[in-house]
Amino acid sequence: MNTAAITHRAAGVVVGIILLAFLVGPILWLISSSFQLDRELFTVPPHIIPHEPTLDNYRYIITRVAPPTYTGETTGRRASGEALSLLPALKNSFIVSTVVMLVNLIFSTLAAYTYARLRFRGRDLTYGFILTSRLIPAISVAIPLFVLMDRLGLLDTRWALILVYVAFTLPFTMWFLMKYFGFFPPEIEEAALIDGCTRFGTLTRILVPMAAPGLAAAAAFAFMGSYSEFLFGLFLTRTMASKTAPVVLVATAINHDVSFALSFAALVLSIIPPMLFALVFRSYITRGFTGVLAR
Amino acid sequence: MKGRLLMWVVVLILTASLLPVVPTAVAAPQVPLNFMVWTFAIDTINDNIKTFKQRYPNIDVRLTDYNWGQYPDTIVTNFVSGRNAPDVLYSSDHWLQQWAAAGWIVPLDDHFPQIKEMAKSFSQYAVEGMSYNGKIYGLPYYADPMAFFYNESILKKAGFSLPPSTWEELLTQAKVIKEKGIVKHPIGFGFSQQEPFSIEVFISMVYSRGGDLFDKGGNPVFDRPGSATIKAIEWVRDALKADVLNPESLQWDGVQAGNAMLAGTQVYSISRASALAAYNDPKQSKEAGNFKIALMPGSTHQTVGFVRFYAMSNQVPRRGKEALDAAWNFLNYFGGPGPDNSYPVVRRWALDFGLGFAQLPLFRDTEILRSFGRWVDVPLLQRIGSRYSKVKQGLTPWFAQWDVFTRAELQKAYLGQLTPEQTAKNMAAKWNELRRK
Amino acid sequence: MVTELRLGRAAPRPGRPLGLYPYLSILPTLLVVALISVYPLLFALDLSLHRNVLTEPLAHPFVGLRNFAETFSSYYFLRSLLTTVRFTAMIILGTIAYGIGVSLFLNRPGRLAGTARLAILLPWAIPTVMAAIIWRWIFNGNFGVLNALLAWVGVIPEYITWLGNPHLAPLTLVVTHVWKWGPLAAIMCLATLQVIPRDLYEAAYIDGGGGWSTFRYITLPFLRPTILLLLVLETIAGFVTFDLIYVLTGGGPADATTMLAWFAYAEIFRFLNLGKGAALAFVIGALTLGLALIYVRLLSTEELYSS
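Here the protein sequences come in this chain order: A, B and C. Numbers given in the working numbering equal positions in the first sequence, counted from 1, plus 673. Numbers given in the working numbering equal positions in the second sequence, counted from 1, plus 1. With the working numbering, letter number 99 in the third sequence gets 83, and the count goes up by one each step, no holes.
It is worth saying that the hints were derived from the structure and are not from the lab. Heads up, none of these hints are tricks.
Dumping the calculated SDA-like pairs for lysine to any residue here, alpha-carbon to alpha-carbon at most 25 Å:
1. B/K185 with C/G125
2. B/K242 with C/G125
3. B/K51 with A/R737
4. B/K181 with A/P718
5. B/K426 with C/A53
6. B/K413 with C/N149
7. B/K181 with A/T716
8. B/K438 with C/R35
9. B/K431 with C/L62
10. B/K176 with C/G125
11. B/K185 with A/H720
12. A/K764 with B/L64
13. B/K438 with C/V267
14. B/K438 with C/V37
15. B/K181 with A/V717
16. B/K232 with B/A430
17. B/K287 with A/E713
18. B/K181 with C/P141
19. B/K242 with C/F127
20. B/K431 with C/Y59
21. B/K413 with C/I144
22. B/K287 with A/I721
23. B/K54 with A/T912
24. B/K438 with C/L33
25. B/K176 with C/I140
Take the sequences, apply the hints, and build the full model.
The following block contains the structure:
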């Protein structure tokens, strides 16, 4: 190999290592911090590998009982009501995200198929309407929605969140599925139609099984989009009846009366589900993008 | 294979979401009271609630705590939405007038005539801070002066035997300490835009120079040339430029500024007087025993005295006599002498955390005096509280909004983005704008 | 690429007449979107036309455009608009550069690239606020690992206050944003790269083309549609940024990171002026909508003249 090829190779390795460090480094640092206590976190220089690793942070969050290292602690080293409410918050997050994912799949599949295959009056108009709504920023509708939900009696309920998240994830999943469906040749469905099948039937019996990977990707987007959402969670929730993980985590992390270590442990617990989700659904997601963007 | 894995993941997620949360079923007592606080010593509060419940088993106190920096914003939203409004809550003299003017908290005089008599046993500036339109809105949770602290051992190491008595002296001392390489940033404050204490620190700097913010008619006087306010801003600018004031102060809240003291990386700070109890606690501080309180530097040494108190919301009178009685028992137990005249909660805060108090009889309580004596020069603290403390000027229904605006403007001045004169002008303009509405 | 945003022709349909089916099938989506996204925007307009201060719950007089006038004429609005524009420009550059650069690396063979293709999804999977909490700790002026790393390597003589410095604080927002959203850009670019026919590159190699010219004349044209899509997405993202500010800087120091959405939030929750906050929020919505539509218009004319 000549020098050009070697430097090319070496450069590739260097770039790769830096990239991996940038991608994964912060997560590893978080995990390491979650196994330390505050007194170790506040040392200079920081300990990348904990000198006194401990499970106490996780113990405190999960059992809600203060371990010996946390009893008698004072300002800036303790827990708060919110820090200890992580598990109910995660439960809310899961329920909301799962329901949003399912509702999203049903509504967007129906709509996407219609836009992909059918001609009807108002097709362009309604499509434009739905997609353009995606461009409306959350902050612009947060206060009106707050008032709306209050009047509907849905403030501080999971239903308010589900409703809002469905509305905000639908345009994207619908667009995505529409593009995805568009690349399947319509001949099989047409054959079925001639045989007497309904449009709905062709959708459910023919296209859905074929397009399952795309549907999986769309489901993943809907789930992860709902799980991560913060602004509406902040505005529309008041108590643990509906507070989701991002809301509780942020309240914990910026509360300087709460131990940093505790908030990191809570954070680690909260990022595991979406990371797992992303890894499991990885091939569907990448295939989905290829299908939509690249053909 | 992938499909199988997928199915199991989905099943797992769904199952996990169906797991019940662990609540504890409790026999339902008659009167619930929603109690909202900012996060400080939540386990102590819960313990107090437990002992309260033993005394009043028919009152069910439900505690919710919020981050101190976001506390007023959150409480406002709770009141506006109505659905999660508190019954009893912490409040501060910053926000009393705003919340009272909005009708969210109610005057105690109207429902509990005994408060007038009880108020005579509170110190004057506390009553002032809890009153609006001649009526009293709360019972004190704690009351402290803003105090100037220094690390005596580091001071001695730098060759100084006395704390600074003027702001110029403070700058000189800090520069010497920095030059000698003892500490990189000797001074630090909690000046974050989210920190309600920051305005109290700043106003102390103005008071200690003998300055005023407003005249008797409520008009701003701080924008006059050469005012104490402008001088205070210039001092902070100079301290930042000389790099003796930690630039992180602009993002720090009071807790973080305190952490720097505890770690021995800072020599001077201004905070509530009770913070000294933590600084001198060997369990928390490497430098325990080295911290001392001093008069606020400046010609008059005056400082801000504040009161944080328990207030009652407009929800309680709506629920009738039972709720009102429960609320009074609560307020009396937590902020007052309590059923046995023993000041159960106030004494505990004083003994366990050194929190200052506005209840006059406690000033002669020997146990408290002894406990305070372990971390502070008690006569000096009492002198500061009684002779040098003034209520924040400008407490009006719009003070809270002006406060939030001013925090940002002051930061711009400290960073040199605006001149001190321009900043004072902006602050005055905002005051007049809010006042007109 | 604009065909991505515009509807194509539907397939011709054999079989029975459709009747109500199309309308029924899009009805749920339409209803939800109209109720949650569009109606509230109109309601925001209504709120902004009245004087609405949270501490005066009973007085809501109609004030016409006064809230808008007061908001626009204040120098704080201009300042937050400038901050937003600057931030948006930085994240557009950062994300697209990251997306293109990283996707080129991910497209290579080998174990390193393969591992990177796995790891690339992780930052994107982490919710924005949680990523912000992680980076807040990394940027911590006294105990953060970034300062420690830079000092250890010798790049900085002493620890830097990232979050407390008005010039650096916006950069922390940019870095966190690129860390979290760059991977998505990279995946999108990668998907586009992978359909570029190999023989184009081989032909170029035979003709003696170097790395840069193959990139410029082969890769880039294929990537262009995706880059344009990213441009639109990142512009909208920049104008709407809220989560990052809430966690990392709270608008400070000295309002250096007070961008439009945060300004609207502060108007409502700190200054308790619902009328002005709603006016601002409505304007943000109109701005992003307008920008996006301009983009779409520009891009569709581009498509007509290019290729």
